[in-house]
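Kindly produce the complete structure, drawing on both the sequences and the hints.
Spelled out from the first residue to the last, the chains are:
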Amino acid sequence: MLDSRIVRILQETVGKENVSTEQADRICYSYDATQQRFLPDVVVHPGSPREVSLIMKMANAEKIPVFPRGAGSGFTGGSLPTKGGIVLVMTRLDRILRIDEENLIAEVEPGLVTEQFQLAVEKVGLFYPPDPASLKFSTMGGNVAECAGGPRCVKYGVTKDYILGLEIVTPQGDIIRTGGETMKGVVGYDLTKLMVGSEGTLGIITKIIVKLIPLPEAKKTMLVQFDSIDGAAQAVSSIIRGKIIPTTLEFMDATTIDCVRKATSLDLPESTRAVLIIEVDGDQDLINRQAKRILEIIAPLGVISTQVAETQAESEALWQVRRSVSASLRKVNPDKFNEDICVPRSKVPDMIRAIEGISAKHAVPIVNFGHAGDGNIHVNVMVDLKTPGEHDRAHRAIEEIFAETLKLGGTMSGEHGIGITKAPYIPMELDPIAVTYMKTIKRALDPNNILNPGKVFLEDQ
Amino acid sequence: MSGHKKLKDFQEQIEQCVKCGSCRAHCPVFGQQKRESAVARGKIALAQALLEGEITLDKRLVEDMSKCLLCGSCVNKCPNLVPTDEIVMATRRTISKERGLSPLGKMISVALKNPGAVRVLGKTGHRLTGLLFRKVAGNSGLRLRFPVPYIAKDRSLPELASATFLEGQPEFIPGKEGQPTVAFFVGCMINHAYPQIGEATLRVLRFMGLNIILPKAQNCCGLPALSSGDGDTARVLADRNLAAFSEKQPDYILTSCASCTHALAKHYRGLSQDHDDFAAKVMDVHLFLEQAGLVEQLKQLPQGDDNIRVTYHDPCHLRGQGITREPRALLRAIPGIEFVEMEGADRCCGLGGTFSAYHYGMSQGIGSIKAAGIESSAAELVATACPGCMMQLQDSINHAGLKTGVIHLMELIANRLPA
Ligand SMILES: Cc1cc2nc3c(=O)[nH]c(=O)nc-3n(C[C@H](O)[C@H](O)[C@H](O)COP(=O)(O)OP(=O)(O)OC[C@H]3O[C@@H](n4cnc5c(N)ncnc54)[C@H](O)[C@@H]3O)c2cc1C
Ligand code: SF4
Ligand code: SF4
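Residue numbers (the numbering used here), protein chains in the order written: chain U, 1 to 461; chain V, 462 to 880.
Chain U regions said to be covered by chain V (calculated; three or more residues, Cβ under 8 Å):
{"#": "1", "segment": "15 to 27"}
{"#": "2", "segment": "31 to 37"}
{"#": "3", "segment": "66 to 77"}
{"#": "4", "segment": "134 to 143"}
Which residues of chain V face chain U? A few of them, derived with a C-beta cut under 10 Å, are:
{"#": "5", "residue": "C481"}
{"#": "6", "residue": "T517"}
{"#": "7", "residue": "E524"}
{"#": "8", "residue": "D525"}
Just so you know, these hints were derived from the structure itself, not from any lab.
Glycine included, C-beta positions come from ideal geometry on N, C-alpha and C.
Dropping the structure here:
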């Protein structure tokens, strides 16, 4: 427990109603989508960058760990208060500060829900493409801190490709600006890029300047069912090889389909072993041509059926199938180890085949879906941790999956970050000198190790 | 022993919450409060903590559990269909078992178990209308002149009827030969405050040639009691209704109140075999009429040329049962009506039974989002299928200063039927 003096300082800083040490609130801010739990000592909802700065200064003086949090939808435990201390919930800072239609940029606060932002810019004909499946509830700050990606990233890139500048509160409580409003800028180190994906370990994001692009005129969504998983995986590589970059190329395997079958009115017969959701956007002529070409390319690969959405509502219905996937996997087994490996796009079929082998070898169900178009596959090792030995089996399977990923020239995480769940595996991918380089940066910026300690790197690594 | 499920019976469903946070996008209370304890995920975590003894049943927990509309908006969108509404109700029952009923819960229990007393109150209330209430501009309801516990002074209320709906009705209205026999479950709101909905429903049922039973001994469905955590009262009322409807065996039990349908069809289940049989006969009147071919019959009526623009609000208690298409199909078929969809038609109105008694400010906030949707639809009337929603919609419309009228779908239909 924190001593009452600290609680009083916090109350004076952000107002009594924005500080809570009640057991109910500590429980409600103890979890994220990893389903792991760590009780914080105090939950604080700051209302301005200045308040965040004061909190960080106090936390440094008192050596109290601070854990920034957005919506708590993270898959790797980045927001979990693993050492008690302060959970700093950023959701009160949720304004759109401006949408600049002359320069196609916008400035927002970190607690803003991504979809709210997208709807606002789309109203004026602009487009913010990064679309994590959690876009209806995750925050812009959380998206930047994890460098979130989504289906559309095949064509449009991930969060980092849209961040021009940031305002951050440093671990020691100073407020600085990184980057700016211009499309180019090379003055000094690129701290913006360093911050994006730093998982709240190097600074607290308090403002975000994003680049916008014109909203594409039209889009076409297609849901294609395949009679084999290999057919779908080959379709992905063939489309890319055909030099077509669709907006999205989402993949779901047979077990994934089983999990969502009940939740949709869509006809998904048992003979369907894999599904691709393919979307193209742009002007009407182009998308008709692209859609036709794609269907020609994949026709010989065991296509059972193709559903084409003609209206926005139909397209939403197809997408709802995809968005409900990750949380519905519990139907397979209660506990999941959720990895989001990324391999070179031509290697998707090899990777899928390798995972099938690993699943059979360790007798654990492994469910695969994800953004196949950029080689990013969500691999879910499904176990029941109440069964003895399951934990070890899962870990052995994951280690083999990572080894195979790296062998194919891939990476362990495309977008979910490292947090605590993947920290043990970092040495498999990163060279020890690179790890030391990174940890040196962290130590220099946060000498007291109070900002989101214990994340990304294991403490004794 | 009320026979309702206990919190620990929900253990497995509680564990199905994967803490994804999707409910943050859908829970209306979270939309107002933006604190995790207000959202389904938080309430489930608290219910779990209570089961595991990690938290005590203190004032704070009671408060957190009161912040739920039982609207089911989270349930429908939850990838694992975790029934947060039921988990909250079970937690409220645990609370009232251990701490006793809240003062509001006690009032509800007494009122529901003694419909006679409510009648006297209603009659007196009606006589004293001018003294107790002032009229809201136009003819859009009443407001209290004096503060009364649990009813905010600026909440618009319907006028209490001088006679209940049931008082003036026969117990049986014969229909055409060969037609099914339906029993009409009226519900408190229609019986005491909106008798015109009852009248309209009867007109439509008669138009369809149905044999109609109107059991006089029926009483409240019990939802207000369940909402306040009072399983015992809910059980007493359920048993009385069972007795009232078992005398003549109807083929269907119809209601024009979405909340009553929800209570009867869902919460009577599992109490006993007889309750299950009763629940199986319960059907929302709109669903029934759509299946009975009313849409075709409406289309054959002479088409008036007065085109009234009407939008539709989905009561949570119908939406939760998947009844969204049928009311719209009826609406579209009514002569002289231009149906327009409003933004957020499926969003909760913000009433939520005891919720709005405890949290009128938030209830208003949720209502104002609804009012914005109504306004941008530019409809002259908003139709719905639940008298509770009607009261709340009228309140939200009054606060927003709109002129839109509120009407029950049965009234709209009855008005267009040949005399
Ligand atoms: C159903 C579901 C689907 C998902 N789909 C995707 C997907 O398609 N693609 C994807 O990339 N991710 C996905 N995710 C993961 C998750 O939603 C993203 O990582 C998201 O960016 C997290 O945002 P959040 O607001 O919930 O952040 P949190 O989970 O609260 O925090 C995430 C990290 O960001 C840090 N952080 C938060 N706010 C700030 C701030 N203001 N300053 C500094 N650090 C901060 C935290 O400390 C933590 O390390 C999904 C999650 C779920 C539950
Ligand atoms: S949407 Fe369902 S599973 Fe996800 S956090 Fe909410 S209640 Fe839990
Ligand atoms: S039932 Fe309604 S108010 Fe209650 S938690 Fe679910 S969405 Fe929120």
